[in-house]
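Trainee: Below are the chains, spelled out letter by letter.
There are 4 protein chains.
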Amino acid sequence: MPTTLLRVSCPDRVGLLALISKFAADHGGNLREVHQFTDLEENWFCARMEIDTQTLTCGLEALRSAFQPLGRELTAEWSIRPAELKPRVVLMVSKLGHCLADLLWRWRSGELAFEIPCVISNHETLRELVEREGLKFHHIPVEQDSKAAAFDRMEQIWTEDAADLVVLARYMQVVPSEFCSRWSGKIMNIHHSFLPSFVGANPYRRAYQRGVKLIGATCHYATADLDEGPIIEQEVTRVEHFHTENDLLRLGRDCERLALARGLRYHLADRVFVHGNRTTVFRD
Amino acid sequence: MPTTLLRVSCPDRVGLLALISKFAADHGGNLREVHQFTDLEENWFCARMEIDTQTLTCGLEALRSAFQPLGRELTAEWSIRPAELKPRVVLMVSKLGHCLADLLWRWRSGELAFEIPCVISNHETLRELVEREGLKFHHIPVEQDSKAAAFDRMEQIWTEDAADLVVLARYMQVVPSEFCSRWSGKIMNIHHSFLPSFVGANPYRRAYQRGVKLIGATCHYATADLDEGPIIEQEVTRVEHFHTENDLLRLGRDCERLALARGLRYHLADRVFVHGNRTTVFRD
Amino acid sequence: MPTTLLRVSCPDRVGLLALISKFAADHGGNLREVHQFTDLEENWFCARMEIDTQTLTCGLEALRSAFQPLGRELTAEWSIRPAELKPRVVLMVSKLGHCLADLLWRWRSGELAFEIPCVISNHETLRELVEREGLKFHHIPVEQDSKAAAFDRMEQIWTEDAADLVVLARYMQVVPSEFCSRWSGKIMNIHHSFLPSFVGANPYRRAYQRGVKLIGATCHYATADLDEGPIIEQEVTRVEHFHTENDLLRLGRDCERLALARGLRYHLADRVFVHGNRTTVFRD
Amino acid sequence: MPTTLLRVSCPDRVGLLALISKFAADHGGNLREVHQFTDLEENWFCARMEIDTQTLTCGLEALRSAFQPLGRELTAEWSIRPAELKPRVVLMVSKLGHCLADLLWRWRSGELAFEIPCVISNHETLRELVEREGLKFHHIPVEQDSKAAAFDRMEQIWTEDAADLVVLARYMQVVPSEFCSRWSGKIMNIHHSFLPSFVGANPYRRAYQRGVKLIGATCHYATADLDEGPIIEQEVTRVEHFHTENDLLRLGRDCERLALARGLRYHLADRVFVHGNRTTVFRD
Chain E
1 MPTTLLRVSC PDRVGLLALI SKFAADHGGN LREVHQFTDL EENWFCARME
51 IDTQTLTCGL EALRSAFQPL GRELTAEWSI RPAELKPRVV LMVSKLGHCL
101 ADLLWRWRSG ELAFEIPCVI SNHETLRELV EREGLKFHHI PVEQDSKAAA
151 FDRMEQIWTE DAADLVVLAR YMQVVPSEFC SRWSGKIMNI HHSFLPSFVG
201 ANPYRRAYQR GVKLIGATCH YATADLDEGP IIEQEVTRVE HFHTENDLLR
251 LGRDCERLAL ARGLRYHLAD RVFVHGNRTT VFRD
Chain H
1 MPTTLLRVSC PDRVGLLALI SKFAADHGGN LREVHQFTDL EENWFCARME
51 IDTQTLTCGL EALRSAFQPL GRELTAEWSI RPAELKPRVV LMVSKLGHCL
101 ADLLWRWRSG ELAFEIPCVI SNHETLRELV EREGLKFHHI PVEQDSKAAA
151 FDRMEQIWTE DAADLVVLAR YMQVVPSEFC SRWSGKIMNI HHSFLPSFVG
201 ANPYRRAYQR GVKLIGATCH YATADLDEGP IIEQEVTRVE HFHTENDLLR
251 LGRDCERLAL ARGLRYHLAD RVFVHGNRTT VFRD
Chain X
1 MPTTLLRVSC PDRVGLLALI SKFAADHGGN LREVHQFTDL EENWFCARME
51 IDTQTLTCGL EALRSAFQPL GRELTAEWSI RPAELKPRVV LMVSKLGHCL
101 ADLLWRWRSG ELAFEIPCVI SNHETLRELV EREGLKFHHI PVEQDSKAAA
151 FDRMEQIWTE DAADLVVLAR YMQVVPSEFC SRWSGKIMNI HHSFLPSFVG
201 ANPYRRAYQR GVKLIGATCH YATADLDEGP IIEQEVTRVE HFHTENDLLR
251 LGRDCERLAL ARGLRYHLAD RVFVHGNRTT VFRD
Chain C
1 MPTTLLRVSC PDRVGLLALI SKFAADHGGN LREVHQFTDL EENWFCARME
51 IDTQTLTCGL EALRSAFQPL GRELTAEWSI RPAELKPRVV LMVSKLGHCL
101 ADLLWRWRSG ELAFEIPCVI SNHETLRELV EREGLKFHHI PVEQDSKAAA
151 FDRMEQIWTE DAADLVVLAR YMQVVPSEFC SRWSGKIMNI HHSFLPSFVG
201 ANPYRRAYQR GVKLIGATCH YATADLDEGP IIEQEVTRVE HFHTENDLLR
251 LGRDCERLAL ARGLRYHLAD RVFVHGNRTT VFRD
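Sequences listed follow chains E, H, X and C, in order.
Position 162, counted from 1, in the first sequence is what our numbering calls 162; the numbers after and before it change by one each time, with no gaps.
Position 39, counted from 1, in the second sequence is what our numbering calls 39; the numbers after and before it change by one each time, with no gaps.
Position 222, counted from 1, in the third sequence is what our numbering calls 222; the numbers after and before it change by one each time, with no gaps.
Position 146, counted from 1, in the fourth sequence is what our numbering calls 146; the numbers after and before it change by one each time, with no gaps.
Keep in mind that the hints were calculated from the coordinates and are not lab data.
Accuracy of the hints is not assured; some may be wrong.
[As the list claims (entries may be wrong)] Using 30 Å as the maximum straight-line C-alpha spacing, the simulated DSS-like pairs for lysine-lysine come out as follows: (1) C/K147 <-> C/K95; (2) C/K136 <-> H/K136; (3) C/K22 <-> C/K86; (4) X/K95 <-> E/K86; (5) X/K86 <-> X/K186; (6) X/K22 <-> C/K22; (7) H/K186 <-> H/K147; (8) E/K22 <-> H/K22; (9) X/K95 <-> E/K136; (10) E/K136 <-> E/K186; (11) X/K86 <-> E/K95; (12) H/K136 <-> C/K95; (13) H/K95 <-> C/K136; (14) X/K136 <-> E/K95; (15) X/K186 <-> X/K147; (16) H/K86 <-> C/K136; (17) H/K147 <-> H/K136; (18) H/K95 <-> C/K86; (19) X/K95 <-> X/K147; (20) X/K136 <-> E/K136; (21) C/K136 <-> C/K95; (22) E/K186 <-> E/K147.
[Said to hold, decoys possible] Taking beta-carbon pairs under 7 Å as the criterion, some of the chain X residues facing chain C (in silico): (23) G15; (24) K22; (25) H123.
Everything numeric in this text was worked out from a predicted model, so none of it was measured.
We put the beta carbon where it would ideally sit given N, CA and C, even for glycine.
Chain E on its own, in the form it takes in the complex (with noise of 0.2 Å):
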């Protein structure tokens, strides 16, 4: 059934949800799902509302148009728009290939809803895992002393592309921060420990030396603090003295995945929030 997606997040104030569910009541608009959220300390409202197209009186432009006096006076950050609209995904990739084969799947299944204009790669690894699905593939070299060069390229791509999010699905390079600047909010990282525990390199045989009973990954988005980004999704498995660093690093495989597809899968779904460096979540 086709659905319009309502989000807002502005200062909290009394009579906040009234004035919003109403503006969805006075357009004929039945809820077929909504998340609220106050953060109290810090004063912030957030909503998401699924409205049920058919019962819309009037188009999506109309929509947006009715809309925005109120969302100025709330100083509000919305958006309105047809659910069914398949967000634009980017992916980035080195030589692991579980996270990406993992999206695939999703993607190709309908079980995820996206578009995927092409993956990037600093290597030529997984091209056939992603030609095969006919899509396009970019093989960018990242090189010391060219890294900034190889990055304005794959800006490029990424703008040329119309790429609504950027996903580092395992990509083993650094994003300089001047890019994770410009597209906040629109970079998603899979990190292979559970942060803050491990942030940066060779997470699992961090773990496996410190000698931890459980390892995880974390999805979150890039800022220009590396690993420091709100944090989207968490997964965590338990690890005992037998395993070696790699079965730490086959086990936390699947912590990756899955951590990955469901912080996606929220991102899709405009269900995350950032305020702050903390994320509100509506999950399903």
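Given the coordinates of chain E, assemble chains H, X and C onto it according to the supplied hints.
Mentor: Structure of chains H, X and C alone, referenced to chain E:
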């Protein structure tokens, strides 16, 4: 901060959330927390709102009166009460004290807010554990030939003590179905299996024999059908081949304690809605 | 490093572990990993040893010959094989490809070490997914009136392809009991519920209707009794009131994939022992 | 049934398990449970055996004497003791009683087998909880300028009470490093975070601020480096955007209780081996 709890459940229709949140706003009520869920299959709406009492422009009784016409119009089941009001909970136990001890600690430490008018048991075993907390303990044996009389007496106590809820905290007698019906939604049980697996007696023995790799516990409302009532909360834990039946009992105890404590917590704060045989639980 | 796997199961008696580990030591075998378990209720012993092949003072056949008298004396079921030998696994599927795709990825990436002589399906749906991996795909429809013939043909393929194991990766036909008996311990199934809950058809629908708060999947050996065979691995995930039956299907898929992949992994490495209807699983 | 515990750890070499299990067999010892692990990276072997005492052909002292030459030859750290011997555990607390109450219940019910010579606290808060169990309670305030003297006095009590283990059950003072060194492997701490995340003070506040989606607790041996000691057990639980810092404290309490109770259980039964900064834990 004083809080007023508003709960509503009724058939769904357009504009419901707007109506109810407008009701709160019209009385100055600042919403501290809102939960809403529409079961689209059942066309059933339920909502729970925490209103900052100090912002309300009228008292509790006036608020209730004001809601009555709306409640009637919506053919809603609803309630408005101060969150500070502590429900009265009668605890029922047999010989095993782990759930009782856990609840007593959470009660004593203030983690769970409720009154305990008394504890009832068909054995003397746990008397000291109860009385040293300054609580009343009733020993009411249940013999095969006087079971009805015993339950009559217990129901009398429940009534005299104005119990809002009866918790079967590993009470090993089946509550006769007529009592379950009369106290519908007011008898909470912890069953020592992951329902619907192992309904009835000796679930750990049967879990062991079946060779399951996870065991669990289920907190549910007691109904006339044994172990078939609406599920509020479940908890599981992994077991392995080296775990004997006694190990399952031990590991299961922690599941039971957690599932019961959480289920009770949700119930005490009016976070559980029952519709048919399913529950909506607005967790905190 | 080349490894030799020694597996023994037999009635328990004093000195058994000493005997078997002495056997390894007498042939120079350095033990890289040892698992041992005695089921005291059943008086049943089982052990699995990974021996560094390069330290052995004799070849595989000589080692087997040397073990024979001991094996006979202990009335043991035992095997000695190179760990590098990849079992041959026939995959059986219907229309749902999530388990198949997951296994193909783990196979292709080398995470799971096995050969796939062919994939068999009662539908054409997944042919491309299989053939693009360079694997053989057999479409064998199963109609009500020719079911026996269809299974005869499939068994013929299993035999001709020298299958060590048949994996029902969401194969939606019940394997007739005589085949289960003939291939005892060699047919692995993934059932889409947390057994023994929801044996049989439509487990997600029934889980939804029962209102459980956790759903799961079970990897087990198929036996003549539907969904009653020895359990190898289970996985669960939390669900809430807002999850529809379709959501359960989606969330359950990840449970199914994980439980099946892990169960298969344990089986491939000779880590699963069946005694009666229970399994001993020496996880890695 | 009376059980004798044999523990051995030493550098690995061929035939070690055969030697040790032969030792048990030579003295008639029926092995009820055997655990063995070789850390191949460290070339380190450890084993734990539960021997049926009634099958042994000699007494405890004779068994120990008999093992001595072998132990010396292997340069092993080893012990042989009756499983029935209850370790003496001093509990240290501050104001928060949830871990203490949990341990007292497990102790009282016999789930955990240990003696409590006394409870020590830097506050009076928990005196009643302790004394009503018939246990000794020492109030030893710790002021900044007399910290050394306070710990001297506590160490004197540990020694006089012949403590085998000191458990910091949310004891909110840092144990000076010289005490940690002297009592190496004998001071167990529960840290209220998922280490190595949030080492040090206020972990829940920091977890809230970082916006993690899972919080946890860590049971570890205290060493001179704060929160860096060998990890015995960890537990985690999911949190969401709607959980305040106070909610994290509440949810974390259950993690703390479980991780501490399990860690203590493993230690009491000689199931924990420390090598370097990692532990081998033969769980039950």
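Trainee: For the pair we were handed, X/K136 and E/K136, check the Cα-Cα distance against 30 Å.
Mentor: holds (28 Å)
Trainee: Check whether the Cα positions of X/K136 and E/K95 lie no farther apart than 30 Å.
Mentor: Answer holds: X/K136 to E/K95 is near 28 Å, not above 30 Å.
Trainee: Is H/K136 within 30 Å of C/K95, Cα to Cα?
Mentor: Status holds; Cα separation ~28 Å.
Trainee: Does E/K95 lie within 30 Å of X/K86 when you go C-alpha to C-alpha?
Mentor: holds (25 Å)
Trainee: Are the Cα atoms of X/K95 and E/K86 separated by 30 Å or less?
Mentor: holds (25 Å)
Trainee: Take a quick look at whether H/K186 and H/K147 sit within 30 Å of each other, Cα to Cα.
Mentor: Holds, at about 20 Å.
Trainee: Between X/K86 and X/K186, is the straight-line Cα distance small enough, at 30 Å or below?
Mentor: Holds, at roughly 15 Å.
Trainee: Any CB of chain C closer than 7 Å to the CB of X/H123?
Mentor: violated (38 Å)
Trainee: Within 30 Å, alpha carbon to alpha carbon, are C/K147 and C/K95?
Mentor: Distance ~18 Å between C/K147 and C/K95 Cα, so the pair holds.
Trainee: Decide if the proposed pair is consistent with the structure: X/K22 and C/K22, CA atoms, cutoff 30 Å inclusive.
Mentor: holds (8 Å)
Trainee: Next pair to validate is H/K95 with C/K86; report whether the Cα-Cα distance is within 30 Å.
Mentor: holds (25 Å)
Trainee: Holds or violated: X/K95 and X/K147, Cα atoms, limit 30 Å.
Mentor: holds (18 Å)
The structure does not agree with the numbered hints 16, 25 stated previously, though it agrees with the rest.
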